[in-house]
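Mapping of the sequence shown onto this note's numbering: residues 798 to 1080, in sequence order.
Hints may contain errors.
Think about it this way: if two alpha-carbon atoms lie no more than 25 angstroms apart in a straight line, the pair counts; the simulated SDA-like pairs of lysine to any residue are [as the list claims (entries may be wrong)]:
hint, residue 1, residue 2
1, Lys858, Ala929
2, Lys858, Phe833
3, Lys969, Asp1025
4, Lys974, Ala930
5, Lys974, Leu869
6, Lys1063, Ala960
7, Lys1063, Asp834
8, Lys969, Val863
9, Lys1063, Gly1020
10, Lys974, Glu1026
11, Lys858, Arg807
12, Lys1063, Ser1003
13, Lys858, Gly940
14, Lys1063, Tyr925
What follows is a list of derived Cβ distance ranges for each label pair [claimed, not checked]:
hint, residue 1, residue 2, range
15, Thr977, Gly839, 31 to 39 angstroms
16, Ala975, Ala842, 27 to 35 angstroms
17, Glu942, Ala1009, 32 to 40 angstroms
18, Gly893, Gln1073, 52 to 60 angstroms
19, Arg937, Gly1002, 27 to 35 angstroms
20, Ala1041, Arg895, 45 to 53 angstroms
21, Asp806, Thr977, 35 to 43 angstroms
22, Ala901, Thr800, 14 to 22 angstroms
In short, the hints are calculated from the structure, not lab data.
None of these values were measured; they are calculated from a predicted model.
Quick reminder that beta carbons are idealized off the backbone N, C-alpha and C, glycines included.
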Amino acid sequence: MPTPRELFDRHVRLTEAGDLEGLLGQYHEDAVLLRFDRAVRGRAALRDHYASYLAAAPRFKEILQVAEAEDLVSWQAVLEQGGEEHRAYGVLFLRGERIARHVAGLFPVAGGTGRRGGGAVHVDLEPYTAWAAHPVPDPRSAGREAIGPVLLEIIDAEGPILAERAYRLYIKASGGKALTSIARAPLSGATFRLRAASAIEMEEGSEVLRPAGTAEVRVRELGTRALDEVPLREVAELMRRLRAAGATELPRAVLDAYGLVRMTAKAEDFLAQAEQVSLMEDA
798 MPTPRELFDR
808 HVRLTEAGDL
818 EGLLGQYHED
828 AVLLRFDRAV
838 RGRAALRDHY
848 ASYLAAAPRF
858 KEILQVAEAE
868 DLVSWQAVLE
878 QGGEEHRAYG
888 VLFLRGERIA
898 RHVAGLFPVA
908 GGTGRRGGGA
918 VHVDLEPYTA
928 WAAHPVPDPR
938 SAGREAIGPV
948 LLEIIDAEGP
958 ILAERAYRLY
968 IKASGGKALT
978 SIARAPLSGA
988 TFRLRAASAI
998 EMEEGSEVLR
1008 PAGTAEVRVR
1018 ELGTRALDEV
1028 PLREVAELMR
1038 RLRAAGATEL
1048 PRAVLDAYGL
1058 VRMTAKAEDF
1068 LAQAEQVSLM
1078 EDA
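Start from the sequences, fold in the hints, and give me the full structure.
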């Protein structure tokens, strides 16, 4: 039986070879491909999806990261498709030797050919390492011995990370749908114990968690985070670097750096806070 990594490597080879039948053969008949914009269910729908996808001649320009567990594999890569570069993220959930569930997303690469506004200021960002989700016990019934190691795993992978995001990742992996106060209490307690044991550190005056002994701020790509899931000081430091590189409209420059387009009212408020932090730290 192939390992998850071997199955992913074969997926890459078949994609670059434009082998539609080979790709379809990797999936179960009832497989689901979940994208940001829609769900593709079943072999017939997957055939239509991949026929269109392969027509753009996708090529994995660079495999940035691959992580595997017993029955799943996640990856990040730079994908060239239709003359544009994208940051590709994906997770394959296996059942036996074939794919049962496939989660995939594409983001424009900041500074790449697909970026809006070619004259915009560019700064280098670290890749964002997303936690490879796996089934975890229900926090409402699991003991501290079970919750703590999972939270530490999430923080090790994605820290500095907002506690709210860490808790939501845990809840989702446990099969829950909402971060209720009942579920939050044991997660907060586990966080307190990890901090008391010096396994993690928390930024003063905030709910940003990071592994002990690591940098307080890391300027990374957006990755799988929503904009308001990025720690405020991380955005503020990105603004400082963009300002040093010559950017003037910092909120818009941040959206460009993250490959985002729409400036919502919520995003405008969040970026205004970050700009104030950036100015105070520069003072």
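Hints and how they fare:
Taking the CA atoms of Lys858 and Ala929, the gap is near 22 angstroms; set against the 25 angstroms cutoff, the hint holds. Distance hint between Lys858 and Phe833 is fulfilled; the C-alpha atoms sit about 22 angstroms from each other, no more than 25 angstroms. Restraint check for Lys969 and Asp1025: satisfied, since their Cα atoms lie roughly 18 angstroms apart, inside the 25 angstroms limit. Between Lys974 and Ala930 the alpha-carbon distance is near 15 angstroms, which keeps this suggested pair within the 25 angstroms criterion.
The hinted pair formed by Lys974 and Leu869 meets the criterion: a straight-line CA distance of about 21 angstroms does not exceed 25 angstroms. Restraint check: the Cα-Cα separation between Lys1063 and Ala960 comes to about 20 angstroms, which is no more than 25 angstroms; the hinted pair holds. Using a Cα cut-off of 25 angstroms, the hinted pair Lys1063 and Asp834 holds, with the two alpha carbons roughly 21 angstroms apart. A hinted pair counts as satisfied when its Cα atoms are at most 25 angstroms apart, and Lys969 with Val863 qualifies at roughly 21 angstroms.
Restraint check: the Cα-Cα separation between Lys1063 and Gly1020 comes to about 19 angstroms, which is no more than 25 angstroms; the hinted pair holds. Under the criterion of a C-alpha separation no larger than 25 angstroms, the hint pairing Lys974 with Glu1026 is consistent with the structure, at around 18 angstroms. Between the alpha carbons of Lys858 and Arg807 the distance comes to roughly 15 angstroms, so the proposed pair stays at or under 25 angstroms and holds. Under the criterion of a C-alpha separation no larger than 25 angstroms, the hint pairing Lys1063 with Ser1003 is consistent with the structure, at around 20 angstroms.
Between Lys858 and Gly940 the alpha-carbon distance is near 44 angstroms, which puts this suggested pair outside the 25 angstroms criterion. This hinted pair checks out: Lys1063 and Tyr925 have alpha carbons roughly 23 angstroms apart, not beyond 25 angstroms. Hint check: Thr977 to Gly839, Cβ distance near 34 angstroms, so the stated range 31 to 39 angstroms holds. With their beta carbons about 29 angstroms apart, Ala975 and Ala842 fall inside the hinted range of 27 to 35 angstroms.
Our hint of 32 to 40 angstroms for Glu942 and Ala1009 is violated, since their Cβ atoms are close to 19 angstroms apart. Look at Gly893 against Gln1073: about 53 angstroms separates their beta carbons, and that is inside 52 to 60 angstroms. In this structure the supplied range 27 to 35 angstroms holds for Arg937 paired with Gly1002, their Cβ-Cβ distance being about 29 angstroms. Between Ala1041 and Arg895 the C-beta distance comes to about 50 angstroms, which sits within the given range of 45 to 53 angstroms.
One distance hint, 35 to 43 angstroms for the beta-carbon pair Asp806 and Thr977, holds here, with the actual separation near 41 angstroms. Take Ala901 and Thr800: their Cβ atoms lie about 20 angstroms apart, and the range 14 to 22 angstroms holds.
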